[in-house]
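Chains as they are written, first to last, in my numbering: chain A, 170 to 475; chain B, 15 to 229; chain C, 365 to 1280.
Treat the hints as calculated values from the structure; they're not laboratory data. Hints may be right or wrong, so weigh each one.
Which chain A residues stay away from chain B? Per the calculated CB distances, all over 10 Å, these [said to hold, decoys possible]: (1) Asn188; (2) Val251; (3) Ala264; (4) Gly341; (5) Trp362; (6) Trp393; (7) Leu445; (8) Ile450; (9) Gly459.
With a cut-off of at most 27 Å between alpha-carbon atoms, the simulated DSSO-like pairs for lysine-lysine come out as follows [claimed, not checked]: (10) Lys139(B) to Lys371(C); (11) Lys1273(C) to Lys1239(C); (12) Lys167(B) to Lys202(B); (13) Lys184(A) to Lys917(C); (14) Lys917(C) to Lys445(C); (15) Lys393(C) to Lys167(B); (16) Lys1142(C) to Lys1187(C); (17) Lys1239(C) to Lys440(C); (18) Lys474(C) to Lys1007(C); (19) Lys1187(C) to Lys467(A); (20) Lys993(C) to Lys1016(C); (21) Lys156(B) to Lys393(C); (22) Lys156(B) to Lys139(B); (23) Lys371(C) to Lys167(B); (24) Lys156(B) to Lys374(C); (25) Lys836(C) to Lys656(C); (26) Lys139(B) to Lys374(C); (27) Lys374(C) to Lys167(B); (28) Lys467(A) to Lys1278(C); (29) Lys474(C) to Lys695(C); (30) Lys156(B) to Lys993(C); (31) Lys184(A) to Lys1142(C); (32) Lys1003(C) to Lys474(C); (33) Lys731(C) to Lys718(C); (34) Lys139(B) to Lys393(C); (35) Lys993(C) to Lys440(C); (36) Lys184(A) to Lys1187(C).
It should be emphasised that the depicted structure is a prediction, and the values quoted were computed from it without experimental measurement. Beta carbons are placed, not taken as given, at the ideal position from N, Cα and C, and that holds for glycine.
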Amino acid sequence: MKPFNPRAVELAAPKQQRNWDWRAAANFICGGSGGGLLLYAAFAGFGRGSALAALLAGMTLIATGLTCVWFEIGRPWRALNVYRHIATSWMTREAVVALAVFGCGALAVLTGSVVATLCAGVCGGAFLYSQARILAANKGIPAWRHPASVPLLVATGLAEGAALALAVGALGGAAIGAGLLVAAMILVIVRAWAWQRYRTGLGSTGAPEAALRVLDGFAPRLLWLGTVLPALAVLALLLGMPGQGPVLLLVALLAAGSGAWLKYTLVRRAAYTQGLAIDHIPVRGRGPSGPAAKPGWKMMPDGNRG
Amino acid sequence: MTRYVMTIDLRRCVGCQTCTAACKGANATPPGIQWRRVLDIESGEFPDVRRSFLPVACMHCGDPPCESVCPTRATTRRADGLVAIDYELCIGCANCVMACPYDARSIVHEPRYAYGDSPMASEAKRFDPARIGVSMKCTFCKDRIDYAERTGKVPGVDPEVTPACVNSCISGAMGFGDIEDADSGVSKLLAGTQYFRMHEELGTEPGVYYVWDKS
Amino acid sequence: MEADQPKSVKRVPSYCYNCVSGPDLMKVKVVDGVATEIEPNFAAADVHPAKGRVCVKAYGLVQKTYNPNRVQTPMKRTNPKKGRNEDPGFVPISWDEALDIVAGKLSAVKAKGLIDDAGLPRVAVSLGHGGTPSNYMGTFPAFLQAWGAVDFSFGSGQGVKCVHSEHLYGEFWHRAFTVAADTPNCRYNIAVGANVDVTGGPCAVIRHADARVRGYKRVQVEPHLTATGACSAEWVPIRPKTDPAFLFALIHVLVKENGLDRLDIPFLRDRTASPYLVAPEGLYLRDVQSGKPLVWDEATACAVAYDMPGAVPAVAGSYRVARALTVDADKERVEHADVEGVTAYEMLARHIEKYSPEWAEGVCDVKAATIRRIANEYLAAASIGETIVIDGKTLPLRPVAVTLGKSVNNGWGAYECCWARTVLAALVGALENPGGLLGTTVRLNKTRDNRHLSVAPGEDGFMVQYFNPTSKEEWQFQPSTRNLHQTLVPIVGHNGAWSQALGPTQLAWMFQDERPDDWSMPMPTLPEVWLVYRSNPSISFWDTRHLAEVAAKFPFMACFAYTVDETNYMADVLLPEATDLESEQMIRMGGTKYMEQFWDHKGVVLRGKAVEPQGEARDFTWITTELAKRTGLLEAYVKAVNKGVAGVAPLKGEGYDFSLSGEPSPEQIWDAVCRAATFSISEGREQHGLAWYREHGFYTVPMSRLEWYLTPTMEQRGLRYELPYQERLLRAGRELGRRLHEKKMNWWDSQLSEYTALPEWHDVPGRWIANLEKAGAKPEDFPFWLLTTKSMQYHAGGNAAIEVMHEVAQNLRGHAGVIMNAKTAAGLNIAEGDRIEVRSHIGATCGKAALVQGVRPDTLVIIGQFDHWATPFAKTMAAPSLNSIAPMSLDLTDATGSGADIVRVAVRKIEEAKAA
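Could you build all of it, start to finish, from the sequences and the hints given here?
So this is what it looks like as structure tokens:
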């Protein structure tokens, strides 16, 4: 057995969480996109073929995410216990909503019912929201628990969903009107705004320095790849550039890809724990107590640590 | 009402890890898993340096974020303040691990032993398959508290119903008892001292009180 | 918790004595015959100062018991070649064969005679860590007594890893094998490297924790901020090995800046030699008739013998003495007429004048103002004049103490520190008074259970001392041990059980290889039989790689073995003994003992056998009895057992007789010991056998706290502490020098310089720099000091094979790494966790960088003793060790025969840290 060798100096500091790996990240990546896709597609007024494709794609994404999670949990054969705590657990609610998604989705696929499709879309949106709340409910991860993380996750899910929906629609042969394009562009821009709002909020309430470093390292990627490029591409289409199908595919790739990157960054790389802190260094016999120590956190402007 | 809490007098703690080792023994945690440990925190710059020892574990919060996120109700807050995990219900989703702002929880997916792949007699005797793949943390030595309930003994006073870490502490830094009882040792200590609770601003109402000076 | 419902659960009372701060009390929880947990023994909460608790180390004992890497059967070596690169080829053998091999070797020695042609014992025994093995080796001491001459010279740590000068000078001045603050009453403690919250065990930890809550102030003076420093009110990061300068400056502030009027004059006058008049050549002026030292009687204004009834001796000043005598080395008497006699205190005052805080600042890198403030705080806190009532007796309360730590109180500079520390106590009357500086116990004097009994009148109004003789007639030119303790170190004496073992142990190792050019004594030989128990000098000494090579040359080595380790790798036979939880033994506890075991009770405690031994491991007492039988020593061995050598009391005494005969079983032996112990401790009121102790664990009777303090005993006997002037040491050194020079030996001359009446500052750190220059290295290539510090989790490395100790130790900064200043590291492009090489002029050791602010920029620190290459588990730690790169050198050996854990080093990065 190799000796257990953590570094004592790092034990108090925020640590990158290691319990939710790529499988959990995949749930947020796929599930969020899928939920957004279902919602956007439901209200996009697609024809039967495109709507069906969107429904199947959205449900596949959600199912893929949930399957990944199933492989991650410690006791997969007890997975149904997940339904035991709807009163407060957003994970239970996510699981319930997932049932509704698949129920409505299946109905819509089988019957082509517009109402069922709209229901599936609403459930997809609810699934997206549940996922956002799952992260935000985790007080142990400062980068998640900030309230602005909810609109951010919802916004990215919607932006991803919109872009994917347009791509699915275009591939399905539907003509994508200006209204849908504008809506998608707005969602991509709203996501950028939600990011900025989130990052600013996190800066003022405080977060582990390591988490902020990760987020700041990612920010330009979201700006250029996830916002400017897709928005310009959509603008070009609006201005009459030909090749809507391939361009929308590119837009989907950029918007959904950057969203996936964002969520991977958030769920894995920026997911530093709160860490441990001492509010007052104790008095040792005589003399003054010492100041607070909060390893891994930046000193706040008011002199307190975040 | 009863609420069991722990007091840790930081003026006394010398960072010896006796509580860490006693907990490992009492709870048979596998190598690398510590339900409690004492942190070694340094602040300042040479030569104006302060070094402090900070015992940490589950804070048995009054409003435990791990409980509300738990999708299975495996984690519950008991009427006496203990935050407990039902290993039979837990699915090991780790949501509670993320929810806890005290790094208190862990999940072990494979059996681990001190020396290689086979357990020693002491490890084999105490290996509990129910704890594989589920969330684990400090229980405040729940079995002892339950035993107190049955026998009328007083946690924090009678060693057999007091958490192992508290019993083991050689500096007398740790206390345990009912904070709702004004005559308990913990209530009396807190009445005469200045203390803080960690990350109280997160609204968790932690049940561990860190004493740092006299009143 | 248990996974399955247990069928039987029992709790076996026992003790932990894994480190020198024991014994502490515990219980072993045994479930269905398997030891599962260690718990405090709260049945002892009212008698044990630590309330029945044991420290972290004890919680490793379950793993220690079931560690699969244990040697579980006797083994013999099949590869006749020995060395680090020679696989010993150990193969299992029966106990019969193993015992016959060992007994055969011993019997052969017995037939030839116990002493060889060089005058040295043919059998050597090495026991580890500070005498702790004796608490686990059952009746083995009785076997050694029955055997006769044994050489304990080959130390594993004594001398180099102990507080050596404190042991020797502490016992000399105030019967203090180790020294502690009277913490429960102390208000101001200057701890110079004393790492008591790490090394003092549960008793020290709780005492200091209580004192902190009470509001005492501890100032920690050390280059690296230890856990003890962390728990102190103030940290003073002093330059390594300059502590004497700091302490001298404190004395300066007291004596020169405050002056005698603010010191404890009655104590200095009546309990010390301060009034003794010193002649110009530095010897006491003595009464011509009686030879007694003279004092100046202020009542009659004339010089009188120190013990003249009614005299009021002057503490300060110089006086003309009409007629007097001085007695120099070899009793050379010189008569003086009209000679100036300066009081010893006055000598001190003149001597200390040059050691001002401003001077010290340049030496120790501590601001003069800080030194002055600390000295003045110390004086103020001493509250001279205050009293306290203890058990109905009014005693002075002097709640201040200066305590010293390892590497401060051993090696060069340690004499100066021990002297200064004791003088600082004497100046304010805090020596052996409540609140002040106390000795714990004696090991170089008798009896070890009551140091007060060793206080008998000796020469010149002082306590009796048992120096090794240095007179022409009696000096031991032909050493009787390989560490030359009687030849070279008068002060270590020959009276105590540990005198021999506390000789200059590194000389025993060094002189096997090479001797000084002008060596004229008989050539040291190797012992024919070497027995080793709980000792791993190939890890715990210095220059360990070389030491292992020396150990490989020993012709026959039998080791009581827990696992294979770096020392027993060279063994011929391994004997697996039943370890801590697997066998029984009774020992004394209570009274006063290091490190801070000051009890209100005294008694005995049984090490309970909680579980059956693993494999073929056998009870040490059984092994011992078998060895005695097979070497024809059974009768003498049982006689020694009857004398109480292995137990705690003679088996026959007034009103009782539990004597054994024939071939007693371990159970019979311990039953008799239990009965005799209870009978004698209770003064005949009670008698309990082994069965009772198995259930109850311990037995105590109350003890007065007055036994903590020696000064009342000194007062009762009319004796003085031999302070501040060291005339006796001066003479002993002169005599020793003459003897060596008569034999044309000058190789100990540097050490002889330590024999001074009033210690002078000499460039202590400079000795280490000179040493590397002498070895041909350039000082600028080795710009850092490397020090070591102890760990509570590891007792001298003896439990390095225990996984859980490693695990919990990692929560503390620097374990298994190299502690260095973060800024210094940044300058060398070294980051946290980088693998770095620390190189001295004799070798290199590697470990992970642990960056902290709490260490001087010029200093590196490596915790504990590691660098294992044979011990299972420990060898996988890749931990560095100072021991691998600290040289053994005559130049670095002080007059007591001790060195210190310090070496000049260079450091460089060899590998970037891997992501955590």
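Hint check results:
no. : hint                     : in the structure
1   : Asn188                   : violated, 4 Å
2   : Val251                   : violated, 4 Å
3   : Ala264                   : violated, 7 Å
4   : Gly341                   : holds, 36 Å
5   : Trp362                   : holds, 27 Å
6   : Trp393                   : holds, 30 Å
7   : Leu445                   : violated, 5 Å
8   : Ile450                   : violated, 5 Å
9   : Gly459                   : violated, 4 Å
10  : Lys139(B) to Lys371(C)   : holds, 12 Å
11  : Lys1273(C) to Lys1239(C) : holds, 22 Å
12  : Lys167(B) to Lys202(B)   : holds, 19 Å
13  : Lys184(A) to Lys917(C)   : violated, 51 Å
14  : Lys917(C) to Lys445(C)   : holds, 9 Å
15  : Lys393(C) to Lys167(B)   : holds, 20 Å
16  : Lys1142(C) to Lys1187(C) : holds, 24 Å
17  : Lys1239(C) to Lys440(C)  : holds, 22 Å
18  : Lys474(C) to Lys1007(C)  : holds, 23 Å
19  : Lys1187(C) to Lys467(A)  : holds, 20 Å
20  : Lys993(C) to Lys1016(C)  : holds, 23 Å
21  : Lys156(B) to Lys393(C)   : holds, 18 Å
22  : Lys156(B) to Lys139(B)   : holds, 20 Å
23  : Lys371(C) to Lys167(B)   : holds, 24 Å
24  : Lys156(B) to Lys374(C)   : holds, 21 Å
25  : Lys836(C) to Lys656(C)   : holds, 23 Å
26  : Lys139(B) to Lys374(C)   : holds, 15 Å
27  : Lys374(C) to Lys167(B)   : holds, 20 Å
28  : Lys467(A) to Lys1278(C)  : holds, 24 Å
29  : Lys474(C) to Lys695(C)   : violated, 41 Å
30  : Lys156(B) to Lys993(C)   : violated, 54 Å
31  : Lys184(A) to Lys1142(C)  : violated, 44 Å
32  : Lys1003(C) to Lys474(C)  : holds, 19 Å
33  : Lys731(C) to Lys718(C)   : holds, 17 Å
34  : Lys139(B) to Lys393(C)   : holds, 12 Å
35  : Lys993(C) to Lys440(C)   : holds, 21 Å
36  : Lys184(A) to Lys1187(C)  : holds, 24 Å
Of the numbered hints stated above, those contradicted by the structure are hints 1, 2, 3, 7, 8, 9, 13, 29, 30, 31, listed in ascending order.
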